[in-house]
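Engineer: For reference, the chains in residue letters:
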Amino acid sequence: MLTSMLFLSSALFMGWSLGANDAANIFGTAVGTKMVSFRTAAAISCLFIILGAVVGGSGAAHGLGALGAIDRLAGAFVVSLSAAVTVLWMTRFGLPVSTSQAIVGAIIGWNLFTGNPTDPVVLTRIVGTWVYGPILAGIFAMLLFLVVRKVVNNSTIHLLVLDRYTRNALLVAGAFGAYSLGANNIANVMGVFIQALDLPAREFAGLVLSGEQQLFLLGGFAIAVGVVTFSKRVMLTVGDNLFKLSPVSAFVVVVATALVLFIFSSTWLSDLFVSVGLPPIPLVPVSQSQACVGAVVGIGLVKGGWRIINYRLLGKIGLGWIATPMLSASLSYVLLFFMQNVFMQNVQM
Amino acid sequence: MKGKGMQVFTNKSKELMENIECYLTQVTSASLHFDEAMKDYIAGRMVQFDERIHAVTTIEREADAELKVVKYKLYAFMLIPDTRGDVFMLMDDLDDVIDYTKRLLLELSMEKPVFPEFIKEDLALMCGDSVKAVESLMLAVRALFSQTKLVEEHVNRTVFYEKEVDRIEEGLIRRVFASPEIPDLACKMQIRDFCTRIASLSDISEDISKNLLVYAVKRMV
Chain A
1164 MLTSMLFLSS ALFMGWSLGA NDAANIFGTA VGTKMVSFRT AAAISCLFII LGAVVGGSGA
1224 AHGLGALGAI DRLAGAFVVS LSAAVTVLWM TRFGLPVSTS QAIVGAIIGW NLFTGNPTDP
1284 VVLTRIVGTW VYGPILAGIF AMLLFLVVRK VVNNSTIHLL VLDRYTRNAL LVAGAFGAYS
1344 LGANNIANVM GVFIQALDLP AREFAGLVLS GEQQLFLLGG FAIAVGVVTF SKRVMLTVGD
1404 NLFKLSPVSA FVVVVATALV LFIFSSTWLS DLFVSVGLPP IPLVPVSQSQ ACVGAVVGIG
1464 LVKGGWRIIN YRLLGKIGLG WIATPMLSAS LSYVLLFFMQ NVFMQNVQM
Chain X
22 MKGKGMQVFT NKSKELMENI ECYLTQVTSA SLHFDEAMKD YIAGRMVQFD ERIHAVTTIE
82 READAELKVV KYKLYAFMLI PDTRGDVFML MDDLDDVIDY TKRLLLELSM EKPVFPEFIK
142 EDLALMCGDS VKAVESLMLA VRALFSQTKL VEEHVNRTVF YEKEVDRIEE GLIRRVFASP
202 EIPDLACKMQ IRDFCTRIAS LSDISEDISK NLLVYAVKRM V
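Going down the list, the sequences are from chains A and X. In our numbering, each residue's number is its place in the first sequence (first place is 1) plus 1163. In our numbering, each residue's number is its place in the second sequence (first place is 1) plus 21.
Treat the hints with care, since some could be wrong.
Only part of the chain X face toward chain A is listed, based on derived beta-carbon distances under 7 Å [unchecked claim]: (1) 38; (2) 102; (3) 104.
Distance condition first, Cα-Cα at most 30 Å in a straight line; then the derived DSSO-like pairs of lysine-lysine [said to hold, decoys possible]: (4) X:60 with X:133; (5) X:239 with A:1313; (6) A:1313 with A:1479; (7) A:1479 with A:1466; (8) X:92 with A:1197; (9) A:1466 with X:239; (10) A:1197 with A:1313; (11) X:60 with X:231; (12) X:141 with X:239; (13) X:94 with X:184; (14) X:89 with X:133; (15) X:239 with A:1197; (16) A:1197 with X:33; (17) A:1466 with X:60; (18) X:94 with X:60; (19) X:35 with X:239; (20) X:60 with X:141; (21) X:231 with X:89; (22) A:1313 with X:89; (23) X:231 with A:1395; (24) A:1395 with X:92; (25) X:89 with A:1197; (26) A:1197 with X:94; (27) X:33 with X:133; (28) A:1395 with X:94; (29) X:60 with X:170; (30) A:1197 with A:1466; (31) X:231 with A:1197; (32) X:231 with A:1466; (33) A:1313 with X:35; (34) X:184 with X:170; (35) X:92 with X:239; (36) A:1197 with X:170; (37) X:92 with X:141; (38) X:170 with A:1313; (39) X:92 with X:209; (40) X:35 with A:1197.
If you're looking for bench data, these hints aren't it; they were derived computationally from the structure. Ideal Cβ placement from N, Cα and C applies to all residues, glycine included.
Input sequences plus hints: build the corresponding full structure.
Structural biologist: Below is the structure:
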């Protein structure tokens, strides 16, 4: 038990890091503009992230598992730690880092170290979502923004009433965003531990949770701790760098991003696609930051074309996207070597 | 069913809307009283003129009290800080309109300038256009709250009336200084001064309307 908890510590750290950084993409503008108090934002984020992780976390987690079947706790610990340290380093360089890409890089590092092949089909599917994610978010944001703009600009709703609607919309969108983040990105936190740690089903408050769901619950709590302890500072600064968002634009960005994360984690939606003869949706963790940037760019295009986007910062983000998986893969490889040869822990069966 | 907290909030919001509406009505009333007061003064109906001054003074006092309530409620119940700041500034600016009309009427009653017959018609026209500028401004303000798209149209009207007032003002001043009917330079300067002050009401309206346009652009999604 103690050993398991020790090895899970890297996942908890990863979860904390995700909560500290990614919750800002959901409630950043709302808290930054003081429309929603941090306390309310944190409470909604925590509740819905945990709910999303436990209820809908399975799809993306299994999608990530297909990239590398990490079957020992020591290996999972190193992979998770490498991704978490990469996220921390990239954050210190001031780059909007992607947790999803860090974990994928770390798994590839494990595959390289253990000599397991990396399935090119799975890898292509995952990397494909890195491209589709922001594009899809951009399209959603453009469509949603056009609809919202038409409704708001042509409405005769009193400014004060609209003010209240906007706040409520931000809260609902935030809840959806938090749910989708939990459902999709819990794979980054706990995905590598699913095969390495076999937990029996347990009953919690009348609910029977499978071993996998218990891991997701734990990961959800770690994310929640990250939200509560560290996300406030990030929330207060988010939105100022790439593109200044109005509350209405922030609502559009959050919904568009959440839709993308939801689509890539919903087994129900994927099954629905299959049932009507469409190809299944690849259920893999996608970068919330990337989707967020895609949505912001989408709104930027509708509002005033490419000229109002900060290209220098976009370039920095793009650099981070390439550097993140490479850095985490290298780190994972080196740390796995130490784990196996210095700490004498097997990193695979 | 709405929660109790939301119900309380909705009522407060409604209260604030009513307070703002009441305040806007007071600004409009003050400008209408100003128009009537000017007509009375020009026609020499001094009793009615004094009654109008009393009415404007009362409105100004009540509007100050209402503004205080609006400002408090804006910060207590309105949620978007950016919009709140804009509404706050706008309400403050509108207070200048009431204050100005009251001050101008009081100055008239204290200084009692004598307007020669040949400028009375244009003077009344200038007062009317100044008030029209205020009325257009008030329509623009109301549009900001419920139909942002119309703000620009009303602002354009305000600007139009301000230009009209400037045109009339210039003609009036030229005629006053060219006229042999007013031999005293001091009288000419006093009349010019009052013409400028009356015209300033439309300048104030124009300045506010320009800020209003910015608030409207910010509100448009």
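Engineer: All the hints need checking, so say for each whether the structure fits it.
Structural biologist: Hint check results:
At its closest, the beta carbon of residue 38 (chain X) sits 5 Å from a beta carbon of chain A; the interface hint therefore holds under the 7 Å criterion. Evaluation of the residue 102 (chain X) hint against chain A yields a held restraint, the C-beta minimum of about 5 Å falling below 7 Å. Taking 7 Å as the C-beta contact cut-off toward chain A, the hint placing residue 104 (chain X) at the interface holds, the least distance being around 6 Å. For a cut-off of 30 Å, the pair hint linking residue 60 (chain X) to residue 133 (chain X) stands: about 14 Å separates their Cα positions.
For the suggested pair residue 239 (chain X) and residue 1313 (chain A), the alpha carbons sit about 15 Å apart, so the restraint of at most 30 Å is met. Note on residue 1313 (chain A) and residue 1479 (chain A): the hinted pairing is violated, with a Cα-Cα distance of about 34 Å set against a maximum of 30 Å. With a C-alpha separation of about 23 Å, the suggested pair residue 1479 (chain A) and residue 1466 (chain A) falls inside the 30 Å cut-off, and the hint holds. With a C-alpha separation of about 18 Å, the suggested pair residue 92 (chain X) and residue 1197 (chain A) falls inside the 30 Å cut-off, and the hint holds.
With a C-alpha separation of about 13 Å, the suggested pair residue 1466 (chain A) and residue 239 (chain X) falls inside the 30 Å cut-off, and the hint holds. Our distance criterion of 30 Å between C-alpha atoms is met by residue 1197 (chain A) and residue 1313 (chain A), whose separation comes to about 26 Å. Straight-line distance between C-alpha atoms of residue 60 (chain X) and residue 231 (chain X) comes to about 29 Å, which keeps the hinted pair within the 30 Å bound. About 43 Å separates the Cα atoms of residue 141 (chain X) and residue 239 (chain X), which puts this hinted pair outside 30 Å; it is violated.
Annotation: proposed proximity of residue 94 (chain X) to residue 184 (chain X) is violated, straight-line Cα distance about 36 Å (limit 30 Å). For the proposed pair residue 89 (chain X) and residue 133 (chain X), the alpha carbon gap of about 33 Å is over 30 Å, so the pair is violated. Straight-line distance between C-alpha atoms of residue 239 (chain X) and residue 1197 (chain A) comes to about 17 Å, which keeps the hinted pair within the 30 Å bound. For the suggested pair residue 1197 (chain A) and residue 33 (chain X), the alpha carbons sit about 19 Å apart, so the restraint of at most 30 Å is met.
Our distance criterion of 30 Å between C-alpha atoms is broken by residue 1466 (chain A) and residue 60 (chain X), whose separation comes to about 50 Å. A hinted pair counts as satisfied when its Cα atoms are at most 30 Å apart, and residue 94 (chain X) with residue 60 (chain X) does not qualify at roughly 38 Å. Annotation: proposed proximity of residue 35 (chain X) to residue 239 (chain X) holds, straight-line Cα distance about 23 Å (limit 30 Å). With a C-alpha separation of about 9 Å, the suggested pair residue 60 (chain X) and residue 141 (chain X) falls inside the 30 Å cut-off, and the hint holds.
Straight-line distance between C-alpha atoms of residue 231 (chain X) and residue 89 (chain X) comes to about 24 Å, which keeps the hinted pair within the 30 Å bound. With a CA separation close to 35 Å, the supplied pair residue 1313 (chain A) and residue 89 (chain X) exceeds the 30 Å bound. Proposed proximity of residue 231 (chain X) and residue 1395 (chain A) is contradicted: the alpha carbons are some 37 Å apart, above 30 Å. Distance restraint check for residue 1395 (chain A) and residue 92 (chain X): the Cα-Cα separation of roughly 29 Å lies within the 30 Å cut-off, and the hinted pair is therefore satisfied.
For the given pair, residue 89 (chain X) sits about 23 Å from residue 1197 (chain A) by alpha-carbon distance, which is consistent with the 30 Å threshold. For the given pair, residue 1197 (chain A) sits about 17 Å from residue 94 (chain X) by alpha-carbon distance, which is consistent with the 30 Å threshold. Of the supplied pair hints, the one linking residue 33 (chain X) and residue 133 (chain X) is violated, its CA atoms being roughly 46 Å apart against a limit of 30 Å. For the given pair, residue 1395 (chain A) sits about 27 Å from residue 94 (chain X) by alpha-carbon distance, which is consistent with the 30 Å threshold.
For a cut-off of 30 Å, the pair hint linking residue 60 (chain X) to residue 170 (chain X) is broken: about 35 Å separates their Cα positions. Distance restraint check for residue 1197 (chain A) and residue 1466 (chain A): the Cα-Cα separation of roughly 24 Å lies within the 30 Å cut-off, and the hinted pair is therefore satisfied. About 27 Å separates the Cα atoms of residue 231 (chain X) and residue 1197 (chain A), which keeps this hinted pair within 30 Å; it holds. Taken as a hint, the residue 231 (chain X) and residue 1466 (chain A) pair is honoured in the structure, with Cα atoms around 23 Å apart against an allowance of 30 Å.
With a CA separation close to 25 Å, the supplied pair residue 1313 (chain A) and residue 35 (chain X) stays within the 30 Å bound. At most 30 Å may separate the alpha-carbon atoms for a hinted pair to count; residue 184 (chain X) and residue 170 (chain X) meet this at roughly 23 Å. Between residue 92 (chain X) and residue 239 (chain X), the direct Cα distance comes to roughly 20 Å. Compliance with the 30 Å bound is thereby established for this hinted pair. For the proposed pair residue 1197 (chain A) and residue 170 (chain X), the alpha carbon gap of about 27 Å is at most 30 Å, so the pair holds.
Proximity of residue 92 (chain X) to residue 141 (chain X) is assessed by CA-CA distance (about 40 Å); at most 30 Å being required, the pair is judged violated. Of the supplied pair hints, the one linking residue 170 (chain X) and residue 1313 (chain A) holds, its CA atoms being roughly 11 Å apart against a limit of 30 Å. The suggested pairing of residue 92 (chain X) with residue 209 (chain X) is violated, with an alpha-carbon distance near 43 Å, which exceeds 30 Å. For the suggested pair residue 35 (chain X) and residue 1197 (chain A), the alpha carbons sit about 22 Å apart, so the restraint of at most 30 Å is met.
In terms of the numbered hints stated before, the structure departs from hints 6, 12, 13, 14, 17, 18, 22, 23, 27, 29, 37 and 39, listed from lowest to highest.
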